[in-house]
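Visitor: Each chain, written out:
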Amino acid sequence: MNPRIVALLLVLAAPPVFAADPAEMLKDPALETRAEKIGQGLRCLVCQSESIENSNADLARDLRVIVREQVQAGQSDDQIRAFVVARYGDYVLLAPPFKTSTLLLWGGPGLFLLGGLAALRSFHRRRVGTPPPPPLSADEQRRLDQLLNNEDA
Amino acid sequence: MRRLFALIPLAALAVLAVFFWNGLGRDPREVPSVLINRPVPEFQLAGPPGQSSGLSSADLKGRVSLVSLFGSWCVSCLQEHPTLMMIRQGGELPIFGLDWRDDPVKGAEWLARNGNPYEKIGLDPAPGRVSIDFGVTGAPESFLVDRNGVIRYKQIGPITPEIWQHTLLPIVRELQK
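Protein chains in written order, with the working numbering: chain Z, 1 to 153; chain R, 154 to 330.
Isolated chain R, as found in the complex (with noise of 0.2 Å):
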């Protein structure tokens, strides 16, 4: 008995142990989002110049679509780029933009070089006000926004093509089932 009691420090060193060895495989950037579930905030956005029109909450419902924050300023968005034309072209579901803390004249001129691969996009110019209801941390940050406007799922960083096949798409194709 007293044998056992010797152990006790040692397993409670071996719980602590795991704890802080799976703690330091996390990405702490990958802050768990708590809108998911939670109906889309309200918004109207005006557009960049000659790109779109602009975007408002009430184009997010009725079809699964997916969120896509990105700007003109943000590398990785150019580095995800491709990918989102890609998906344009599959034709799976609309992608509604929102342009985070750019200027309206480089967001517009970015996509003119690079491709519009949205159907409408909102410009959010600082203080971001809409991002910050969508609690983004970074750009890009993209959401998998559900038929009646509700928040399914958070992409944090680059969207991939692997991501886009392996854990995007299923729940793609879950939600409009």
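So here's chain Z without its partners, still in its complex pose (with noise of 0.2 Å):
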């Protein structure tokens, strides 16, 4: 097989990888599928793009292990969260919640598919509303005849 192949189908077959290091794991396989899902859903503020669970930076770390620490305390998702977005505001959040500064956020969307969907309708109505040409005249209808006749030939 050409190498390239080879190459991409390993790359494609990788499983996602988190940078979480096997020491910071919890031993309880339950509750690190917990702090992995919190985590996973906890923006890095040094890398912004990118998870705490999938950063490679030093306030990631150390954010992943208070999550754990947590979550080992017996604190449910929501409390971790809060106590997170208490310190960084709901940036951190990678979903933004659903409140009302953030209506047009979630809202902006439909309104825009309402719109085009208005647009549209008006667009087709137009369409549907034009009156239909006048019949033609025996001239005119002579000369179609003439010019259809011609094409047959």
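These aren't lab readings, by the way, just hints derived from the structure by calculation. Zero decoy hints are in this set.
Simulated restraints on C-beta separations:
1) Z:Ala95 with R:His319: 36 to 44 Å
2) Z:Leu113 with R:Asn190: 38 to 46 Å
3) Z:Ala86 with R:Ala279: 17 to 25 Å
4) R:Arg191 with Z:Met25: 30 to 38 Å
5) Z:Glu50 with R:Leu177: 18 to 26 Å
6) Z:Asp21 with R:Gln242: 37 to 45 Å
7) R:Trp174 with Z:Asn150: 57 to 65 Å
8) Z:Val46 with R:Leu177: 17 to 25 Å
9) Z:Thr102 with R:Arg191: 15 to 23 Å
10) Z:Gly41 with R:Gln329: 35 to 43 Å
11) R:Met239 with Z:Leu93: 34 to 42 Å
12) R:Arg326 with Z:Glu50: 38 to 46 Å
13) R:Asn190 with Z:Phe123: 50 to 58 Å
Quick look at which bits of chain Z chain R covers, simulated, 3 or more residues with Cβ under 8 Å:
14) 40–50
15) 60–68
16) 81–92
The C-beta atom is built at its ideal place from N, Cα and C for all residues, glycine as well.
Dock chain one against chain two, each of which comes alone in its own frame, and use the hints as you go.
Guide: Here's what the structure looks like:
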């Protein structure tokens, strides 16, 4: 097989890699899964488009450690997220919460869609509403027949 | 009327363009702090050996102060350091240091080498709990704290003499009234 294809397949076959150091991971797999899930929803404020689970930044590592401590201490997912939001604001959540200040953010795409549909409807109406052209006069009909016959020949 | 309707998409585009254009000029690293006008977190930290006996939240009450996050590993902190030394000389307000994710010995050596502008310093080793309570995103970062121990301003990135003169000092004067 072409080595390039092999390389491509290898890249595609690689499982998603998380930055979490095995030493940081909780022993209880259920708790670790919960911690990872919470961490995947928290933005790393150093690299910003990565979650703290994916980032190698020191601050992300610190937050991973703290999330795991709190998971182990029996805090709920919402309590842990609230802890981080209290310090870093809603921006730290990769999925912004639904509330009045984010109404436009969440509703915006729907508004655009509605606007587009309305525009489409009025455009369509106008097309349908156009009156049909008046019938051809005898002269025009003769001319049309002639043209069509010419084409046949 | 119909003409006006035809202008709606263009107007919508113009509005969006203004928003996006403004967005382009913003520094995404400057995440506004949610801790402004909130009391400083409660903490008590030991200091780097030989440089300070430590820092606690009680030290941040009673006077307007500057809390500055630094680390011996942080290059921009070295760039900011002469400005902090200058502020110390000016004597407008005490500066307290948070030595973030630092090795105690390296932190102490760094201060011995570059000068110590801080009245008191707290060592906040990894995972930097106190710094996270302050909502820090990177070093250097500084906070102006009023005499009731409430955070009033956050400076992200190094303080330059210009930032001190034109941004921080007026706020300090206002808080000291």
